[in-house]
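Got chain G; can you put chain L on it based on the hints?
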Amino acid sequence: MSDQSGLTLRDLMPDAPQLGPTVIAALRQDPQKSTAMLGWETLGAQAADSVLNIDVLEALARGWSTAKELHEYTDASKHPNGERSVVYLGAHEFTKTVYPTLTVTITPFNPVRFRFTLDLSANMRSVALYILNGCITGVGMGDGSVSAQLKYDQLDLRKVESQNVQFPGRHDFTASGLQIG
Amino acid sequence: MTVPLNGQWTDTGVDLQKGDALSIVVGQPGAPNRNVTMIRLYLLLGRMGTDTAPFLVGFNYKGNAPATGRLSLAVAGGRPDTPGSLQATVSYVPRIVVTPTPATPTPTATPTPTATPTATPTSSPTTTPSPTATPSPTTTPANVPVPNVVGLAAEDAAARIVRTKLRPVRRAETQSCQAQGRVTRTQPPAGTLIRPGSEVIYWTASGENVVPDLYALSVGDATTVLQESCFRLGSVTSGIQLGGGVRIVRQNPAAWTTAAVGTAVSVTLGGRIPGWILIVLLLAGAAIAGAVATAILRPRPVPKIPRYSARTELVDGPTNFPQGIQTRLEMTVEPGATVFAGEVPIAKREVLK
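Heads up: the sequence lines are chains G and L, in that order.
Per this note's numbering, residue 1 is the first one in the first sequence, and the count goes up by one each step.
Per this note's numbering, residue 1 is the first one in the second sequence, and the count goes up by one each step.
For reference, chain G alone in the conformation it holds in the complex:
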């Protein structure tokens, strides 16, 4: 589990309240999705909140956890258990895609799933990763720029151009952190 890092999708998309009406408009195109529309109309505001509260920093950290340059930290012979490491990454670029998926259940209807696509593009100048036992346990001391695009089905809901982000302090993920590899 992680605490909120303070950088959420809402921070990148402050004018995202249009999210709900856009989804409704998309659902209206398909008569078969009347139940889905009911679900969105009932819980749409909260659903939009859930999507916008996604922790962007954690999503990016999931991207870093797949970098092959960090794979050696899963080798206990090189980095024994209990060793606390800090890895400072230089300038790099990557894109990370996640799929926020909302499941709305309204009795007695069957659950309805809303699958969004969030594309994050990061252009980092530097960032520090805290690693313990093959997991990224925290992020800090970084800066760069991030752009985001949120889609529902094939519909572009919102796209924001690169925004500068800074991680002046250290943010730890709770529990064991994000597994590298």
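These aren't lab readings, by the way, just hints derived from the structure by calculation.
Incorrect hints may appear among the rest.
[Unchecked claim] Here are the simulated DMTMM-like pairs of lysine to aspartate or glutamate, each with C-alpha atoms no more than 20 Å apart in a straight line: (1) G:LYS151 / L:GLU334; (2) L:LYS353 / G:GLU93; (3) L:LYS348 / G:ASP11; (4) L:LYS62 / G:GLU69; (5) G:LYS159 / G:GLU69; (6) L:LYS348 / G:GLU69; (7) G:LYS78 / L:GLU330; (8) G:LYS151 / L:GLU330; (9) L:LYS62 / G:GLU83; (10) L:LYS165 / G:ASP75; (11) L:LYS353 / G:ASP143; (12) L:LYS348 / G:ASP75.
Then chain L, alone, in the frame of chain G:
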């Protein structure tokens, strides 16, 4: 017949003449009708034709058709979207029309304007005129009043009607407060002048009436309703003594069954709140008031932050329960691709002590 609670007029298919004996009873005797457990909240109205003013039928209407026309029924008090219906039983007896007809001379009353004495005045001093020789004017039998037989036993009533040179006709038994077999009413009513030999229809009581539905009524209202239906209030059971309004939740005999006139109907009251529940409700109310105050005083509600585990990325999103519908919102963040544009340079490594 079925009358919807949505206020629409329902054609009964019954054509009546003004004055026809009409009976409309809500419910079907002997058949419990849960649709009308709250019948007291509604008013059943009747209408003759489409142009006349409605008349109140209520719970149990007995009277005469107020006008000539097709009888329709409707329920007042419901809204156009009110579901459900009530059952009403309509029965009627056509009014007996008493039409004065010219008197037909009878043989014994044949006027003999030309009759002559059978003896001359001089034949004998003892000779008296024959009765048949008495000149008589045209004779019309006098109309007789319908006797008042209401309350009499059927046999006595029939005998009295016969004595009045009228012809008694016994009709189907009906509900009333009279004891079984007693006459409840006649048609024509008592005192009406009709020709001798005419029919007088009389109704006798069955001695049993339909028990009214007392559900949700107060004891006072129930007493009135029972009196209207010729019953009386029996025992009143109430096990709980604290709290607010008291309404009837059970009754014996059950509603819509038949029972002998004068039967005591026992009722059980409900709706009162036990003391301990009252205390719990008060405490809950105080807690809710505190929560509301806290919510109001709080500058801004903090939105529930989706949380997800590192392993499953399962998010326990917020939930909401509008309008009694159970809803659940769950969010998962499914991992997608990561694409690096080139190498990820490691500028520096440190091992923390």
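Hints and how they fare:
no.	hint	result
1	G:LYS151 / L:GLU334	14 Å, holds
2	L:LYS353 / G:GLU93	31 Å, violated
3	L:LYS348 / G:ASP11	30 Å, violated
4	L:LYS62 / G:GLU69	97 Å, violated
5	G:LYS159 / G:GLU69	30 Å, violated
6	L:LYS348 / G:GLU69	12 Å, holds
7	G:LYS78 / L:GLU330	40 Å, violated
8	G:LYS151 / L:GLU330	19 Å, holds
9	L:LYS62 / G:GLU83	97 Å, violated
10	L:LYS165 / G:ASP75	124 Å, violated
11	L:LYS353 / G:ASP143	26 Å, violated
12	L:LYS348 / G:ASP75	19 Å, holds
Checked against the numbered hints given earlier, the structure breaks hints 2, 3, 4, 5, 7, 9, 10 and 11 and satisfies all the rest.
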